[in-house]
Amino acid sequence: MTNQVPAVAHLRLDPAPTIVGSRCGSCGATYLLRRSACASCGGDDFAAGVDLGTTGVVTTATVVHRGMPGVPTPFTSGVVALDAGGFVRCTLTDAEDPVAAVGRRAVLETGVVGTDAAGTEAVAFTFRVQDIEGAPA
Amino acid sequence: MSEPIWIVGAEMTPFGRFPQWDVVDLAARAARGAMADAGLGIRDVQHVAVGNVFDAITGVGQRMLHEIGMTGVPVVNVVNACATGATAIRSGITAIRAGEADIALAVGAEQLGKRGLLAAPEEPRGPEFAARGRDGAVLDTEGLIGSALMPGVFSEAGVSYLAANPEASADHFFRIAEKNHFHSSLNPLAQYQKAFTFEQVRDADMIAWPNTSLMCSPTGDGAAAVVLVNADGLARLAPGVRERAVKVAASVLVSDPWVEDAEARWDVNGVTRLAAAAAYEQAGVGPEDLDLVELHDCFATAELLHYENLQLCKPGDAVSFLESGAPWRDGSLPVNVSGGLLSKGHPLGATGVAGVYEVVTHLRGEAGDRQIAGAKVGMAHVLGLGSACAVHVLVR
Chain A
2 MTNQVPAVAH LRLDPAPTIV GSRCGSCGAT YLLRRSACAS CGGDDFAAGV
52 DLGTTGVVTT ATVVHRGMPG VPTPFTSGVV ALDAGGFVRC TLTDAEDPVA
102 AVGRRAVLET GVVGTDAAGT EAVAFTFRVQ DIEGAPA
Chain B
61 MSEPIWIVGA EMTPFGRFPQ WDVVDLAARA ARGAMADAGL GIRDVQHVAV
111 GNVFDAITGV GQRMLHEIGM TGVPVVNVVN ACATGATAIR SGITAIRAGE
161 ADIALAVGAE QLGKRGLLAA PEEPRGPEFA ARGRDGAVLD TEGLIGSALM
211 PGVFSEAGVS YLAANPEASA DHFFRIAEKN HFHSSLNPLA QYQKAFTFEQ
261 VRDADMIAWP NTSLMCSPTG DGAAAVVLVN ADGLARLAPG VRERAVKVAA
311 SVLVSDPWVE DAEARWDVNG VTRLAAAAAY EQAGVGPEDL DLVELHDCFA
361 TAELLHYENL QLCKPGDAVS FLESGAPWRD GSLPVNVSGG LLSKGHPLGA
411 TGVAGVYEVV THLRGEAGDR QIAGAKVGMA HVLGLGSACA VHVLVR
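Chains as they are written, first to last, in our numbering: chain A, 2 to 138; chain B, 61 to 456.
Since the hints were derived computationally from the structure, they do not count as laboratory data. Bear in mind the structure is a predicted one, so any value in this text is a computation, not a measurement. Glycine included, every Cβ here is placed at the ideal spot set by N, Cα and C.
Which residues of chain B face chain A? A partial, calculated answer using Cβ under 7 Å:
1) Ile205
2) Ser207
3) Glu216
4) Val219
5) Ala324
6) Arg325
Please work from the sequences and hints to get the whole structure.
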């Protein structure tokens, strides 16, 4: 079986793909990235590896037409407020109209984005924006 | 009450692309111009603060003094993202208020060249995946997991405003760029100095919706400088210089307050609101007292947001403020009559000083064709993501 690793540490692949983070034990602030202490209250008592789920609401978006060399464009970049707390920067799919995407629900999807010299696959994620009824927009 | 501070000398080089000059040439030219404007020489200066981003590790301040006068005074080299120049000014003010100087020189300079999207280059990666950075990325994620580049950041900020304010549309952002490009046509120091129509702005190359290329500040080179004094320093100056002095009614620098989505996006609003409120309190003036504002329009979307963040209008009224014509140079509260970052240019380290230079020039009545008649009170605002926000209120 091909070995797979998440493209970023806040994506957990097993047993099923989900976003993970940490939660401040003092104030409840939620984070996805490695931290020294809580930016909200200064506390350092964190619950780590918290499952933040696969769904949320789009809070902002833009369609990027000019990117770094080698980056295919256009693509939609945005932020999703996860239902279980925390905010994740991501690429959005089915979100060609960024203003219309704001406020809509979005669901995590994953896919292989690269393979290294040892044959290990990197898995990244996007969020697919849903229409009001919950189907892809 | 803090000790009063005045600006008694101000200078700005043209902004543009000057491959024949290095950052020290630019800094030296601005510094000498500001000192000459104040009737001072380098041996009168007791503290030097120099803001620069991309050459900061080389000691631009000391290298500048090697060119214009090695006097042994303290030199502070400042980096604070796009608020670097304003932070240098604040460093000079702080040195004076600490009792270490009566006369300080603050310079902002940048030899930016054509650096494009200003992304930090990724270190080369090995042949096998290895986690790196705070997100533990095993490969470059820009464009793969969203975008963290500046055009995307400020476009997202604009989209958030559009989503929350149905009366707003991309047309309003296009209109802001049209305004600032028109304003720069009267500024001989601006990088562009060319008016563009609404349609030209709208139909230019799209960078990140809704910002087209004419709605993104250009990269470029330039420098600006000011001479700062306290009452003792002011007393040493010639009467003609003292008469042109501009008082620093407020000098505020803040970092961003906590917001719950800070990991995922830069908050361009809260940090500006915090700085503006502190500046009005410190200056003892309100937005209704302002005659002109130079604000940080690094992208056209940012300017509309800052109308509200800087309290130039009530919350939710940015569109009506713009549509009223208020921020045009013949409006009730002219904004970015220099052309702003969009058209005057944005050599990072110089920008914060250049905004203060512009306001000082108007308050002195020396802005030539672009003069705002009778200007007595002005504001200069810059925002560096990370974040650092500086607001200066100047009074004549």
